[in-house]
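Trainee: With chain A held as given, fit chain B onto it using these hints.
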Amino acid sequence: MNFDLRLPIGLLFSILGVLLSVFGLLTPAELYRKSLGLNMNLWCGALILVFGAVMLGFALRARRAEMK
Amino acid sequence: MSGIPSIQLGPIDWTILVLYFSFVVGIGVVLKRGMKSSTDFFLSGRAIPAWIAGLAFLSANLGAQEVMGMAASGAKYGMMTAHFYWVGAVPAMVFVGVFMMPFYYGSKARSVPEYLKLRYDEKTRTFNAFSFAIMTVFSSGISMYAMAKLLNLLLGWNFNVSLWISAAIVLAYIFLGGLTSAIYNEVMQFFLIVLGFAPLVFLGLKDCGGWTGLVQRLNLVAGSSHNLQGQAYAGGAWVSTWRHMGTPGANPMGVEWFGMAMGLGFVLSFGYWCTDFLVVQRAMVAENETAARKVPLIAAVPKMLFPFLVILPGMIAIGLTYKSGQTGFALPVKGASYDYDMTIPLMLKHYFPTGLLGLGLTALMASFMSGMAGNVTAFNTVWTYDIYQSHIAKDKSDSHYLWMGRMATVGGILLSILTAYMAVHFNNIMDMLQLIFAFVNAPLFATFLLGMFWKRTTGHGAFFGLLSGTAAAALHHGLTVPIGAESLFKGGWIGHVLHVYPSEMAQNFWTAIWSWSTCFIVTILISLATRRTKSDEELRGLVYSLTERHAEGHLPWYKRPLYLGALILLVALVLNILFA
Chain A
1 MNFDLRLPIG
11 LLFSILGVLL
21 SVFGLLTPAE
31 LYRKSLGLNM
41 NLWCGALILV
51 FGAVMLGFAL
61 RARRAEMK
Chain B
1 MSGIPSIQLG
11 PIDWTILVLY
21 FSFVVGIGVV
31 LKRGMKSSTD
41 FFLSGRAIPA
51 WIAGLAFLSA
61 NLGAQEVMGM
71 AASGAKYGMM
81 TAHFYWVGAV
91 PAMVFVGVFM
101 MPFYYGSKAR
111 SVPEYLKLRY
121 DEKTRTFNAF
131 SFAIMTVFSS
141 GISMYAMAKL
151 LNLLLGWNFN
161 VSLWISAAIV
171 LAYIFLGGLT
181 SAIYNEVMQF
191 FLIVLGFAPL
201 VFLGLKDCGG
211 WTGLVQRLNL
221 VAGSSHNLQG
231 QAYAGGAWVS
241 TWRHMGTPGA
251 NPMGVEWFGM
261 AMGLGFVLSF
271 GYWCTDFLVV
281 QRAMVAENET
291 AARKVPLIAA
301 VPKMLFPFLV
311 ILPGMIAIGL
321 TYKSGQTGFA
331 LPVKGASYDY
341 DMTIPLMLKH
351 YFPTGLLGLG
361 LTALMASFMS
371 GMAGNVTAFN
381 TVWTYDIYQS
391 HIAKDKSDSH
401 YLWMGRMATV
411 GGILLSILTA
421 YMAVHFNNIM
431 DMLQLIFAFV
441 NAPLFATFLL
451 GMFWKRTTGH
461 GAFFGLLSGT
471 AAAALHHGLT
481 VPIGAESLFK
491 GGWIGHVLHV
501 YPSEMAQNFW
511 TAIWSWSTCF
521 IVTILISLAT
531 RRTKSDEELR
541 GLVYSLTERH
551 AEGHLPWYKR
561 PLYLGALILL
571 VALVLNILFA
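Chains as they are written, first to last, in the UniProt record's numbering: chain A, 1 to 68; chain B, 1 to 580.
Only chain A is shown next, with the shape it has when bound in the complex:
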């Protein structure tokens, strides 16, 4: 029996996304001089969170469909 891979992927990337974006919010602007002044932790973290959430959404929807 193989489980739905979208579940761990969704979980992992959601956690990573939250971690990065919160870290981005808490860190001062001078940390981002090397990334051309853009708060890359915040932006990429948000993007990764969206990806993780979409994967989780798919996994949960599939699980609900299976139960019915």
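These are computed hints drawn from the structure, not numbers from a lab. Quick caveat: nothing in here was measured; it's all calculated off a predicted structure. Backbone N, C-alpha and C define an ideal beta-carbon position, used for all residues, glycine too. Careful, some of the hints might be misleading.
[As the list claims (entries may be wrong)] With a straight-line cut-off of 25 Å between C-alpha atoms, the simulated BS3-like cross-links for lysine-lysine are: (1) K34/A <-> K349/B; (2) K123/B <-> K108/B; (3) K323/B <-> K349/B; (4) K455/B <-> K123/B; (5) K396/B <-> K123/B; (6) K396/B <-> K34/A; (7) K334/B <-> K490/B; (8) K394/B <-> K36/B; (9) K34/A <-> K455/B.
[Claimed, not checked] Ranges between beta-carbon positions, derived for each pair: (10) V410/B <-> K68/A: 42 to 52 Å; (11) T533/B <-> A53/A: 50 to 60 Å; (12) M432/B <-> L25/A: 50 to 60 Å.
Mentor: Same frame as chain A, now just chain B:
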């Protein structure tokens, strides 16, 4: 090493690293419950959905050496490197999916060597199984060595510690969850690579002043001594794929269009994507035949776009180096040229703040490890089914072979570690082994092509065709050299040089062409001279003309492999034209 200051990881980077690898091992732990038979362990119970198998098919080939090597080539040769994708991968991936998968999947062979046994005979299978098994252990060892060396250079980590810890992680998740574990982790690694490297491309391009700015810089690079290749090229040489391929001297790769199209686009690429069990295994485990045929097609879509993720950083790096005063980024010089191999790690260090840096480095480590894992899973299958079961212990219980698979995983990893230490001490042995494998692999596609599409091909024909193809490769390599060759590993070891190639790559392409053609012709001649040993009935499901096609007429066009394949080829053609 001078010029490469080490990177300091912050607590956030460590958190990301540890989090990712706990998920990796965690997946193995959860999958362990499902590993009840050898089919579960080696073939994932043939129940993997097409999209997962497709991404794993792509990812198994996406080791870190590939990622870093492609960026290095992007800096060294520019946009031409995309030939390895749009010519050297996509057509072959479409071919294996549309035309070859029905035989691999339909025959219920459990490995590529086993297909050779069903189609030809035991000796052809054994030849392939042994060379493949040795090659996987060797590649996995090289991958481990490269990773431990990079981590030592970049982060100052102890070589031995990095080597053994990474080996332990790979061992844990394969030992527990078998092929499924490897495949699931390859898919996670795929997303990690995409999400971790896309910001690099974005920042690099922004720094260059967008695509137009990059093209301007690269045109100056091409025409100046700044490319450190001892020669200036026409302006567009770094940003076009086909325009400068009329003669080898006009482009930095030193190859002409015919050698490239035939050598890379046909022999090497079809040989790899259509016969290498490492990738084919990922398609063999799909849930049904249509899914199996779609696996390489699904993989071909991201594959087409990968040049923008892995080659572009290299082009950006050399473009930035040209006027490094403006941005502060420059590739370090090593000997008479740049240290191209360090392109990706140095760009990560230059652009990524702590946090994102942890993500980028984790992506790099993950792809090194999945490079090992892919090889180890292919090794344990070929060892258990094609060597152990067919030569050493024939009629054992299924649980015995499951046990053997786990032991082979341990053995494969120990041998890889041994290879990694060998690489530390004897660089020459590694070069020699790599060369021998290139000789063994070059003719393989002729054997499969004839086997699948000409029922008259015999076992003797296949076996001796393969041997003579390998011999032809060795002979061609021994009689030619690339310009400026310093060691006999580069060619000319027979002592009498018949031809001098403008580059090592041109020589490789032509070695492959000679080897393939020899195998093709010899296989046909010997097959005609020998008696068929397999009847039409035995070849059903293994040869094109003797296999009934599955009716797919009821499927809508976008679910039919043939139409999907044609669409993918069309897109690849458009990309070739756009970036010609």
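Trainee: Between K123/B and K108/B, is the straight-line Cα distance small enough, at 25 Å or below?
Mentor: holds (20 Å)
Trainee: Do the alpha carbons of K396/B and K123/B lie within 25 Å of each other, as the hint requires?
Mentor: holds (22 Å)
Trainee: Is the hinted pair K396/B and K34/A satisfied, with a Cα-Cα distance of at most 25 Å?
Mentor: violated (61 Å)
Trainee: Using the beta carbons of M432/B and L25/A, state whether their distance is inside 50 to 60 Å or not.
Mentor: holds (54 Å)
Trainee: May I ask you to test the hint 42 to 52 Å on the CB atoms belonging to V410/B and K68/A?
Mentor: For K68/A against V410/B, whose Cβ atoms are near 44 Å apart, the range 42 to 52 Å holds.
Trainee: Given the hint that K323/B pairs with K349/B, test it: the Cα-Cα distance must not exceed 25 Å.
Mentor: This hinted pair holds, its Cα atoms lying about 19 Å apart.
Trainee: Please work out if K34/A and K349/B have their alpha carbons no farther apart than 25 Å.
Mentor: holds (9 Å)
Trainee: Does the structure keep K334/B and K490/B at a Cα separation of 25 Å or less?
Mentor: holds (21 Å)
Trainee: Mind checking the alpha carbons of K34/A and K455/B for me, to see if they're no more than 25 Å apart?
Mentor: At roughly 62 Å apart (the allowed maximum being 25 Å), K455/B and K34/A break the hint.
Trainee: Do the alpha carbons of K394/B and K36/B lie within 25 Å of each other, as the hint requires?
Mentor: holds (20 Å)
Trainee: Given the hinted pair K455/B and K123/B, is their Cα-Cα distance within 25 Å?
Mentor: holds (19 Å)
Trainee: I want to verify a distance hint. Is the separation of the beta carbons of T533/B and A53/A within 50 to 60 Å?
Mentor: The hinted range 50 to 60 Å holds for T533/B and A53/A, with Cβ atoms some 58 Å apart.
Of the numbered hints stated above, those contradicted by the structure are hints 6 and 9, listed in ascending order.
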